[in-house]
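Chemist: If you read the sequences in order, they're chains A and B. The C-terminal residue of the first sequence carries number 316 in our numbering, and the numbering is unbroken. The C-terminal residue of the second sequence carries number 1316 in our numbering, and the numbering is unbroken.
Keep in mind that the hints were calculated from the coordinates and are not lab data. Here the structure is a predicted model, which means the values were calculated and not measured. Wrong hints could be hidden among the right ones.
From chain B, some residues computed to sit far from chain A (all C-beta separations above 10 angstroms) [stated by the list, open to error]:
{"hint": "1", "residue": "1007"}
{"hint": "2", "residue": "1017"}
{"hint": "3", "residue": "1018"}
{"hint": "4", "residue": "1087"}
{"hint": "5", "residue": "1198"}
{"hint": "6", "residue": "1199"}
{"hint": "7", "residue": "1234"}
{"hint": "8", "residue": "1255"}
{"hint": "9", "residue": "1259"}
Listed next, the stretches of chain A that the computed footprint assigns to chain B, with coverage defined by at least 3 CB atoms under 8 angstroms from CB atoms of chain B [said to hold, decoys possible]:
{"hint": "10", "stretch": "3 to 15"}
{"hint": "11", "stretch": "72 to 79"}
{"hint": "12", "stretch": "195 to 207"}
{"hint": "13", "stretch": "222 to 235"}
Each residue gets a CB set at the ideal place from its N, CA and C atoms; glycine is no exception.
Protein chains: 2
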Amino acid sequence: MKALYLDNGEALVRQVPKPEPRPGEALIKVLAAGVCSTDLELVRGYMDYRGVLGHEFVGVVHECANDYLRGKRVVGEINCVCHECRYCKLEMPHHCERRTVLGILGRDGAFAEYLTLPEENLHVVPDTLDDDVAVFTEPVAAAFRILEQIDITARDSVVVLGDGKLGQLIAQVLAMRAPNLVCVGRQAWKLALLQARGIRTARADEPLESGASIVVEATGSEAGFARALELLRPEGTLVLKTTIAGASLLPMALPVINEIKIIGSRCGPFRPALEALAMGSVYVEPMVTETYPLAEAAHALQRAASKDTMKVLLRM
Amino acid sequence: MKALYLDNGEALVRQVPKPEPRPGEALIKVLAAGVCSTDLELVRGYMDYRGVLGHEFVGVVHECANDYLRGKRVVGEINCVCHECRYCKLEMPHHCERRTVLGILGRDGAFAEYLTLPEENLHVVPDTLDDDVAVFTEPVAAAFRILEQIDITARDSVVVLGDGKLGQLIAQVLAMRAPNLVCVGRQAWKLALLQARGIRTARADEPLESGASIVVEATGSEAGFARALELLRPEGTLVLKTTIAGASLLPMALPVINEIKIIGSRCGPFRPALEALAMGSVYVEPMVTETYPLAEAAHALQRAASKDTMKVLLRM
């Protein structure tokens, strides 16, 4: 089958063997997939990954032992876990010591005609949800992860740093809880999408009042961390969503003096994400800026790195 | 009066005017004071402080409007606050926007014959407590701050990085809650003090099992942060106690992938600290390695920077 394969820092479409589902796994024919900034970081060398890229997808179950799932349109959680290690037993399966992660760690991903995932990872997609919307389930779930990790109430003042693919989703999800929210970005057309949703925005070069109780760093850049510390009030919470290769030079005295809480945040729950997409409380259609066939996946990745695009999709 | 005065990176004993208490403040005759690593960082340029150094002390109230306090032996909280700014109103007085901090920020400190503090900052010291013990109240309170910020239970596995002045106190305070605790340090004689208290220790060069649920960074060095991340389990908590001048190069992807919680921790509650010292549940006598008169305060500071010392005291 055709797939976008990453090897030695180069991602090229090529023929690879169709994956074979193991016991408990389903073979899924991919319908559409979304390019995430993590895919771009993987090409830059983050995680030393080699294999088929892609972890945001919607597909149809092609082969599987479970009669109910066969033929259903599904999305899938990306962490494949052992249920036996110490972290699985501590009810943190996403942190399984022996996990594989779709298109990120030890498991071929979704920029392909087919992929395999454990049946337990799959969620059936409501018929009302278009493929181009369903494909957002994974990143919307990542935004919902924040609500599992910290309390956010109407009294909080929230700043989301970053108007990109993930920042947009985080701003929409958190705005449901915190009316006092502002999303900070660099590009007028991206901020306009949020304004159309009734979300307050600010340009990154505008002065912004400090004293936020919660700041979410989703800029994908190193500068976001220092900016977040400036904006937070003492005892405020900084949620880190950016995963980038390399290390950052950070002023460590300020978080101690101000007793800041910093929390890393990764994969989240699919159910509330699917619900929010189905209800339209998270609205993603205008975020899709370009769509390519799988054969042009390498070009799609390049386009996704451009400032003119937001979500770039592949249709298989 | 005589005082150890920091100016332009140089700390020298010299004559300075005796401080005048403002309304609501007490004039305190200092009996003894302790040298803290923060004093050494202030000399290195952290905080750009100029004035009398010192914030750990015990003294006698010499002048004050409150009849009850006059003549009493007291210790004092170091943050002097306005009660009116937004952070005071949010019940975070330690983070008052207009605060002065004894010997650290805008207020002359305790390495002097006299100091002033608001009456509300003072706590009367039980008669049973020696001066050399009472002087530890402030750093013991800083250790108790951790218990205000995070839940620690008998099921936690706790690592304290650092066997120095603060690490010793933190290990003793947290061990009351978490029997599964190990303190990691570099010097056998310091670790022996903890072993004598029944606290498990490890040398920094020993391999240590990873998977701690809580790590407290109290090494006073930049290397502690990376080591802490290695030892923590996913979704674990890293408490930062070290305040050092400058910035650190940190790998930021790991805290995100492992969803680590990092929390800065500063000043803490005096009441439980005084109680623990009075009950002997925190035992500090063997930590006092050298004592000097105020006239030799500059030398005392130099000695406090040496690896052969732990708590260096001044007696006025």
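Chemist: Confirm or reject each hint.
Modeler: These are the hints, each one checked on the structure:
1. At the 10 angstroms boundary, the C-beta of residue 1007 of chain B stays outside the reach of chain A, the nearest C-beta of that chain being 21 angstroms off.
2. Listed as a non-interface residue, residue 1017 of chain B keeps its Cβ farther than 10 angstroms from every Cβ of chain A; the least gap is roughly 29 angstroms.
3. Distance check on residue 1018 of chain B: its Cβ is at least 30 angstroms (rounded) from any Cβ of chain A, clearing the 10 angstroms threshold; non-interface status holds.
4. In this structure residue 1087 of chain B is not separated from chain A by more than 10 angstroms, as the shortest Cβ-Cβ distance comes to only about 6 angstroms.
5. Residue-level check passed: residue 1198 of chain B sits 27 angstroms from the nearest beta carbon of chain A, beyond 10 angstroms.
6. At roughly 24 angstroms, the least C-beta separation between residue 1199 of chain B and chain A is larger than 10 angstroms, which holds for a residue marked as non-interface.
7. For residue 1234 of chain B, the condition that its CB be more than 10 angstroms from all CB atoms of chain A is violated, with the nearest at approximately 3 angstroms.
8. Remark: the non-interface label on residue 1255 of chain B conflicts with the geometry, its nearest Cβ contact in chain A lying 4 angstroms away (cut-off 10 angstroms).
9. Some Cβ of chain A comes within 10 angstroms of the Cβ of residue 1259 of chain B; the nearest lies about 5 angstroms off, and the non-interface call is violated.
10. Residues of the stretch 3 to 15 of chain A with a Cβ under 8 angstroms from some Cβ of chain B number 0, which does not satisfy the need for three, so the listed coverage is violated.
11. Coverage of the stretch 72 to 79 of chain A by chain B is violated [criterion: at least 3 residues with CB-CB distance below 8 angstroms; count 0].
12. Counting residues of the stretch 195 to 207 of chain A whose CB falls under 8 angstroms from any CB of chain B gives 0; the rule of at least 3 is not met.
13. With 5 residues bearing a CB less than 8 angstroms from a CB of chain B, the stretch 222 to 235 of chain A meets the requirement of three and the coverage assertion stands.
The structure does not agree with the numbered hints 4, 7, 8, 9, 10, 11 and 12 stated previously, though it agrees with the rest.
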